[in-house]
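Novice: Here is what each chain is made of, one letter per residue.
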Amino acid sequence: MSAAVEATGLGKRYRRTWALRDCTLAIPQGRIAALVGPNGAGKTTLLHLAVGLLAPTAGAIRVLGQTPGRDPDLLGRVGFVAQDAPLYGDLNGAEHLRLGVELNRRFDQTLARDRLERLGVPLDRRVDRLSGGQRAQVALAMALAKRPELLLLDEPVASLDPLARREFLQALMGSVAEQGLTVVLSSHLLADLERVCDYLIVLQAARVQLLGSVDELLERHKLLVGPRRDPARVSGVAAVVRATHTDRQSTLLVRTDGPGRDPALAVEDVTLEDLVLAYLADPSAGALPGPTAAPAHDRLGAQA
Amino acid sequence: MTWLVWRQHRQQLLAAAIAMLAVALFLVPTGRQMHAAFDELGLRGCLPGASPSEFLTSDDGCASLSEQFSGRFQGLATTSLLLLFLPVVAGMFWGAPLVAREVEHGTHRLVWTQGVTRLRWATVKLALVGGGVVLVAAAYALLVGWWVAPLNDATGYRFTWLFFDQQGPVLVGYAVFAFALGVLVGTLTGKVLPAMAITLGGFLATRVAVALLVRPRFLPYQRRTYPTISGSPAEPNQLAGDWVISRGVYSVQGVKLTPGSGSQALCDQTSAPRCVAKYGVGAYNQELFQPADRFWLFQGIETALFVALAVVLLVLAVHLVRRRVA
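Sequence lines, in order, name chains U and L.
Using our numbering, read the first sequence as starting at 1 and increasing by one per residue.
Using our numbering, read the second sequence as starting at 305 and increasing by one per residue.
Chain U extracted, bound-state conformation (with noise of 0.2 angstroms):
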């Protein structure tokens, strides 16, 4: 299967900062990946070299199997929805969609029209008068209005209320159903795209902490508990992520090998939240496994 993204030890350096640093990865089409990473982890970097916004400092990036920002064919093949969603504040929705017609030799005016009149966003009035949930349904259907093969949205809940979010996220993923496409969604929280999303890519200080298909990752990280006893000393685990202990108990969430556990051990699962907070926890734990989905990876971008 071909990649809808593609990067090989992608880096972006802002004067001596390296905003992204050998970034190597490849997120399968048909997924919807979550690209997940606190505040300055270089998440935005990565959308921004993905739609061809910035420019590779190291490395290089594909998607959609070209090299973006060279080629006008591939800004249309690509729906993007910047942090914040920036739209002209001055104009209201219904000239948003003409500029998107204007701009795009492919643009579904009608699809962007009823989606927005069926969420009750008023067409006619200037975008800076609506409200924060309603510039994002705009700013989104102008994106699905092109008919991406690949969506990046940055952050696109960030300025959402709880409520404004859930539906924000339930239109998003209707939208998916329908039309089949790849989507990165970033965001500093895990929680906001847990229930939507199927691929995992985990940013921390400018580089790729975790990345795989979300079955994958639940599949392979085991929480254990039993016994206190020294992390360095259980068998049957290729890495101890995160011990915690009590006076008599140890919990410690770990990658697993496959079978032959300790037995001493209980063997429970863990939840994609647990496992993503206990790797942002160890910026040292990294865990780049091949899914299968994708070629294997190493942390330092050694690949074929």
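The hints are simulated quantities; they were obtained by calculation from the structure and are not laboratory data.
Please read all numbers here as calculations on a predicted model, not as lab measurements.
Quick reminder that beta carbons are idealized off the backbone N, C-alpha and C, glycines included.
Any given hint could be a false lead.
Unchecked claim - What follows is a list of derived Cβ distance ranges for each label pair: (1) L/321 - U/124: 24 to 32 angstroms; (2) L/508 - U/166: 33 to 41 angstroms; (3) U/60 - L/424: 51 to 59 angstroms; (4) U/105 - L/431: 53 to 61 angstroms; (5) U/271 - L/315: 30 to 38 angstroms; (6) L/616 - U/105: 28 to 36 angstroms; (7) U/60 - L/465: 53 to 61 angstroms; (8) U/38 - L/508: 44 to 52 angstroms; (9) U/196 - L/311: 58 to 66 angstroms; (10) L/601 - U/60: 51 to 59 angstroms; (11) L/560 - U/15: 54 to 62 angstroms.
Said to hold, decoys possible - Which residues of chain L face chain U? A few of them, derived with a C-beta cut under 10 angstroms, are: (12) 415; (13) 420; (14) 425.
Since the structure of chain U is already known, use the hints to place chain L on it.
Specialist: Below, chain L alone, put in the same frame as chain U:
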């Protein structure tokens, strides 16, 4: 794309139209006054236009008529110097926000990720808005050209500093340059207000530098000498319209005797001893000037210079838009 440019800039166009109207409300009535006075005083018949005498004696009737005219409209001519600042408006209000406003509001991330390359976005936008600047500036230049004509003829000042700068095709050159400077600075800063301020400063600095240092040297000066002592003292006729760059009294050995650049000595037979006492025997006046018939040539050179600068700045701006860290 054309629609978007129109939609985004129609307010600026309206503002420009209103500003032009306001300027016209000042220029049209005052211009009619000047044209009427010019005819009334009979200056038209008095100034031979094509071949005015090179030197002027004190009993020349035209000089007094000219003085009457200048006296009457001096205030107006001074007020009109404010119009010198008009071209920079194109840079501050049309040029500076063109990219900076997008970046400031983050909308470049919207518009640069539609199905149009940044190169196309920038060229279409610059071509249309820049074209608007050219049209507005050209209309203004025509209006002010009609307005200033009597002043030109009655004073002979049109080639001199400030007068040269407020009429003719150079106005289009200045406006286009200001626009281009605004676009480039706005692209560099990504902030509208600082871009406007820097554009204002940069425009004025460039204009002053060109006017003072470059323009006088577009072509080599011409030199004219005339005696300090003569039977009927005559000075070069300002009404001929030459641009006098410097003037002074020189000794017989060719050493400049007067400080500054505006002195001359004119003595008749009775006051001759005073001149001799002051400057010695054989002293003469000398003037460096650009002759009046170079006016349009100089306008053309200066226009071309500013348009060329504008093209360089715009090419740079487009390059930056394409590479800009977004």
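Novice: Next, verify each hint and record whether it holds.
Specialist: Okay, the hints, checked on the actual structure:
| no. | hint | result |
| --- | --- | --- |
| 1 | L/321 - U/124: 24 to 32 angstroms | holds, 27 angstroms |
| 2 | L/508 - U/166: 33 to 41 angstroms | violated, 56 angstroms |
| 3 | U/60 - L/424: 51 to 59 angstroms | violated, 25 angstroms |
| 4 | U/105 - L/431: 53 to 61 angstroms | violated, 21 angstroms |
| 5 | U/271 - L/315: 30 to 38 angstroms | violated, 53 angstroms |
| 6 | L/616 - U/105: 28 to 36 angstroms | holds, 33 angstroms |
| 7 | U/60 - L/465: 53 to 61 angstroms | holds, 57 angstroms |
| 8 | U/38 - L/508: 44 to 52 angstroms | holds, 47 angstroms |
| 9 | U/196 - L/311: 58 to 66 angstroms | violated, 35 angstroms |
| 10 | L/601 - U/60: 51 to 59 angstroms | holds, 55 angstroms |
| 11 | L/560 - U/15: 54 to 62 angstroms | holds, 55 angstroms |
| 12 | 415 | holds, 7 angstroms |
| 13 | 420 | holds, 5 angstroms |
| 14 | 425 | holds, 8 angstroms |
Violated hints for the displayed structure, listed by number in ascending order: 2, 3, 4, 5 and 9.
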